[in-house]
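Residue numbers (numbering that gives the first Met the number 0), protein chains in the order written: chain A, 0 to 461; chain B, 0 to 461.
Heads up, some of the hints might be wrong.
Because identical chains share one entry, a pair is satisfied inside a single copy or across any pair of copies.
[Stated by the list, open to error] Once the Cα atoms are required to be at most 30 Å apart in a straight line, the calculated DSBU-like pairs of lysine-lysine come out as: (1) K254 x K174; (2) K361 x K277; (3) K412 x K393; (4) K71 x K318; (5) K278 x K347; (6) K318 x K361; (7) K11 x K412; (8) K347 x K324; (9) K324 x K172; (10) K11 x K324.
Read the hints as simulated data drawn from the structure, not as lab findings.
Keep in mind the model is a prediction, meaning the values are calculated, not measured.
There are 2 protein chains.
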Amino acid sequence: MHDISEYLAKNKERFINELIQLLKIPSVSADPAYSQDVINASEAVKASLLEAGCDTAEICETNGYPIVYGEKIINPELPTILVYGHYDVQPADPIDLWNSPPFEPVIKPTALHPEGAIFARGACDDKGQMYMHVKALEFMVKTNQLPCNVKFMIEGEEEVGSENLGTFVAENKEKLANDIILISDTGMIANNVPSITTGLRGLSYVEVEVTGPNRDLHSGLYGGAVANPINVLTKMIAALHNENNHITIPGFYDKVEDISKEERAEMAKAPFSLENYKKALDINAVYGEKGYTTNERNSIRPTLDVNGIWGGYTGAGAKTVIASKAFAKISMRLVPHQDWKEITELFKTHFESLATDGVTVKVTPHHGGQGYVTPIDNNAYKAASKAYETTFGKTPIPQRSGGSIPIVSLFEKELKSKTILMGFGLDSDAIHSPNEHFGVWNYLKGIETIPYFYQYFTKLSE
Amino acid sequence: MHDISEYLAKNKERFINELIQLLKIPSVSADPAYSQDVINASEAVKASLLEAGCDTAEICETNGYPIVYGEKIINPELPTILVYGHYDVQPADPIDLWNSPPFEPVIKPTALHPEGAIFARGACDDKGQMYMHVKALEFMVKTNQLPCNVKFMIEGEEEVGSENLGTFVAENKEKLANDIILISDTGMIANNVPSITTGLRGLSYVEVEVTGPNRDLHSGLYGGAVANPINVLTKMIAALHNENNHITIPGFYDKVEDISKEERAEMAKAPFSLENYKKALDINAVYGEKGYTTNERNSIRPTLDVNGIWGGYTGAGAKTVIASKAFAKISMRLVPHQDWKEITELFKTHFESLATDGVTVKVTPHHGGQGYVTPIDNNAYKAASKAYETTFGKTPIPQRSGGSIPIVSLFEKELKSKTILMGFGLDSDAIHSPNEHFGVWNYLKGIETIPYFYQYFTKLSE
Numbered sequence: 000m001h002d003i004s005e006y007l008a009k010n011k012e013r014f015i016n017e018l019i020q021l022l023k024i025p026s027v028s029a030d031p032a033y034s035q036d037v038i039n040a041s042e043a044v045k046a047s048l049l050e051a052g053c054d055t056a057e058i059c060e061t062n063g064y065p066i067v068y069g070e071k072i073i074n075p076e077l078p079t080i081l082v083y084g085h086y087d088v089q090p091a092d093p094i095d096l097w098n099s100p101p102f103e104p105v106i107k108p109t110a111l112h113p114e115g116a117i118f119a120r121g122a123c124d125d126k127g128q129m130y131m132h133v134k135a136l137e138f139m140v141k142t143n144q145l146p147c148n149v150k151f152m153i154e155g156e157e158e159v160g161s162e163n164l165g166t167f168v169a170e171n172k173e174k175l176a177n178d179i180i181l182i183s184d185t186g187m188i189a190n191n192v193p194s195i196t197t198g199l200r201g202l203s204y205v206e207v208e209v210t211g212p213n214r215d216l217h218s219g220l221y222g223g224a225v226a227n228p229i230n231v232l233t234k235m236i237a238a239l240h241n242e243n244n245h246i247t248i249p250g251f252y253d254k255v256e257d258i259s260k261e262e263r264a265e266m267a268k269a270p271f272s273l274e275n276y277k278k279a280l281d282i283n284a285v286y287g288e289k290g291y292t293t294n295e296r297n298s299i300r301p302t303l304d305v306n307g308i309w310g311g312y313t314g315a316g317a318k319t320v321i322a323s324k325a326f327a328k329i330s331m332r333l334v335p336h337q338d339w340k341e342i343t344e345l346f347k348t349h350f351e352s353l354a355t356d357g358v359t360v361k362v363t364p365h366h367g368g369q370g371y372v373t374p375i376d377n378n379a380y381k382a383a384s385k386a387y388e389t390t391f392g393k394t395p396i397p398q399r400s401g402g403s404i405p406i407v408s409l410f411e412k413e414l415k416s417k418t419i420l421m422g423f424g425l426d427s428d429a430i431h432s433p434n435e436h437f438g439v440w441n442y443l444k445g446i447e448t449i450p451y452f453y454q455y456f457t458k459l460s461e
Numbered sequence: 000m001h002d003i004s005e006y007l008a009k010n011k012e013r014f015i016n017e018l019i020q021l022l023k024i025p026s027v028s029a030d031p032a033y034s035q036d037v038i039n040a041s042e043a044v045k046a047s048l049l050e051a052g053c054d055t056a057e058i059c060e061t062n063g064y065p066i067v068y069g070e071k072i073i074n075p076e077l078p079t080i081l082v083y084g085h086y087d088v089q090p091a092d093p094i095d096l097w098n099s100p101p102f103e104p105v106i107k108p109t110a111l112h113p114e115g116a117i118f119a120r121g122a123c124d125d126k127g128q129m130y131m132h133v134k135a136l137e138f139m140v141k142t143n144q145l146p147c148n149v150k151f152m153i154e155g156e157e158e159v160g161s162e163n164l165g166t167f168v169a170e171n172k173e174k175l176a177n178d179i180i181l182i183s184d185t186g187m188i189a190n191n192v193p194s195i196t197t198g199l200r201g202l203s204y205v206e207v208e209v210t211g212p213n214r215d216l217h218s219g220l221y222g223g224a225v226a227n228p229i230n231v232l233t234k235m236i237a238a239l240h241n242e243n244n245h246i247t248i249p250g251f252y253d254k255v256e257d258i259s260k261e262e263r264a265e266m267a268k269a270p271f272s273l274e275n276y277k278k279a280l281d282i283n284a285v286y287g288e289k290g291y292t293t294n295e296r297n298s299i300r301p302t303l304d305v306n307g308i309w310g311g312y313t314g315a316g317a318k319t320v321i322a323s324k325a326f327a328k329i330s331m332r333l334v335p336h337q338d339w340k341e342i343t344e345l346f347k348t349h350f351e352s353l354a355t356d357g358v359t360v361k362v363t364p365h366h367g368g369q370g371y372v373t374p375i376d377n378n379a380y381k382a383a384s385k386a387y388e389t390t391f392g393k394t395p396i397p398q399r400s401g402g403s404i405p406i407v408s409l410f411e412k413e414l415k416s417k418t419i420l421m422g423f424g425l426d427s428d429a430i431h432s433p434n435e436h437f438g439v440w441n442y443l444k445g446i447e448t449i450p451y452f453y454q455y456f457t458k459l460s461e
């Protein structure tokens, strides 16, 4: 393979600037105020795919935001890699906690990124990581070294549950046919500790509404005599965990995979400093399910978290009101074998049963997805591992992630192919948070590593 | 006593028209746009006191709106009654829910007021109820029957927290010296069920803040491994009540007055339909402290209610975030003998102790006030009770209110005198709401009853 270092050195500034242009588009899929920006981002992705060397690229309409599809087919007999990514981003709120505007990217060094990191919403999740693949293709095409076929499927609804992706995949099985799906939407342990994500958690996301009296009441005249929906909601949520922080929903753990002692011992070898973890988050102690370590709690164990809560008077000063309604958004991270639809039903039944007298409860499922485990004995994992070895000089560690990419199990079901998760971000990159960023070193390292995967995967598939 | 019925019949139209003139002044103390109107209302009250027969009346400046003071001293040896009321009114918003303009009074019959009610902002709270006292004095002076001294202290900031009243009272103790304070700023059960408010609850209002990690986190990567401030807050709030809905704060009930079986039996005689109560609020059941009835729960028992809660993502759709902070506004209604400052401290200590590992807790007191109970065995209560018996033909029911009028305990502290609460409004008169009104019958009944209180109180004080 022609030396990619040379190509990178020559085009580095352009690669960074192209990503910055893409990051300037506030493609927030959750907020309808940004709908034109989301569309604009899809157009920008399509143009970048054509420029990088795709034979064709198209905007595929869905019932929501479009999916950008592009392909470079050199020979139907050769292996085909399908790259998945997303061009939509999380909302930037709370906006006042950003040190620079979320859609005006700036490059600044950080402790973990001494060579600089690009600060912007979507820098890491997922525009930066998705764009590595576009630039990796460019290198292979421009230097005439592409050893396989490459397809791109870049969606605009990942941050709102990929609602229309399932239909698109089911209706385009032939177009999307592939030998392996390649995704960069996860992280690695550290810049000097490369890792490959081998497990993802499933997700069930619901919204709950507790209604008490038919109107807001004066808390002096009615306080203590009627169920206060906020108090009741806190009671119901509190009852979802027991004193050991086990989740109390009946049947919730029934299908949870039992991880062997050996596998847990293997996991425990990953470098991890509890002191640094606590320091980075500025907390005096970790907190979670009894009997499991921090790294187990956020990867192989299912969890339940409130993502938002609101009700009553939340302005300045005081108002003595009993609200008519209280709300919460609650998500559960699931492990392989837990079925998200079944868990959603179990949650609904249990949560409704927790209602006290004097209130009614409504549970609305938002979205969800299944967990996934990548086999580590197949060609794709071997090729990825070798690619990291080549560019990092170290064998990557297989690692379960606590996050969810629900579509991975959808892909397996519809397209019958496995997924390999080559993430180059760090946990500290603050995805979904203010001051999201992506190391420039990581961005370029991704562009450098991906072509080796193309090569090794093609060779191993011979 | 000369027959007041005759005087009332003769002057009824004028009494109503004078009140209507006062109601036309939009003396909204909360809105600076009405500041000249608030001043105009104070002038109108001063003039009415002089016309009614006060020897002197004056506008007393404060740091906010003035207090109108007037007096009719017939003999310093005789008992002195201090009438308190207020000439300011609540804002009229939401204005579009009014059936007639709030400052253009109209008289219309209602189901509970077949003889007509005056619809206007302030009709009941408190211009109408305050003006009853002016007209009662007029009757006594014009018919040469005044048996005691009467002082008036009518303020213009009751609806914005009576901020300057405390200073005025503290600086004018001699001027305000009295044997009993008389206030008509509460209600009664029904026109055929007279009642006297004998208790008001105190209040402690706090804001709490729970902080976990130093920034919002991705719930997939950190979920289950760190304390989620919202989950922890719900746990802490839930822990503030036990399974019987008793409040769990250590020491909270220590000073709560033990109400005798007899007194509770007396209270239970007040007409009350649980079915109508539930129907009006559209709830399937009431909910509250075990061992107490609805009317006890909202009057003689202390309570704890969340008035507002917020944290995390509360917009449309889903965001898989673990918030860095969660907040709630919590108020406690207190009963007599519970000291609001002490309770606030007990709350703070206990709430902070409920924090789990991995979070810090901040409790910020907003404001508060003491509860109050009118003794029912003193001369003032006896005189009031007898006055109602005379004009209603029925013994009034002593009734505790769940609301708070913090100035009542201020008066007791500064002036060392008790307060008697003779309210003639109904709960359905929509005070603080659109279409506030005051029954013409109630207005005239108040003017008729008050002079008897003068008489009986003076006689019992001999």
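So, against the hints stated earlier in the document, which numbers end up violated here? Those not satisfied are hints 1, 3, 4, 7, 9, 10.
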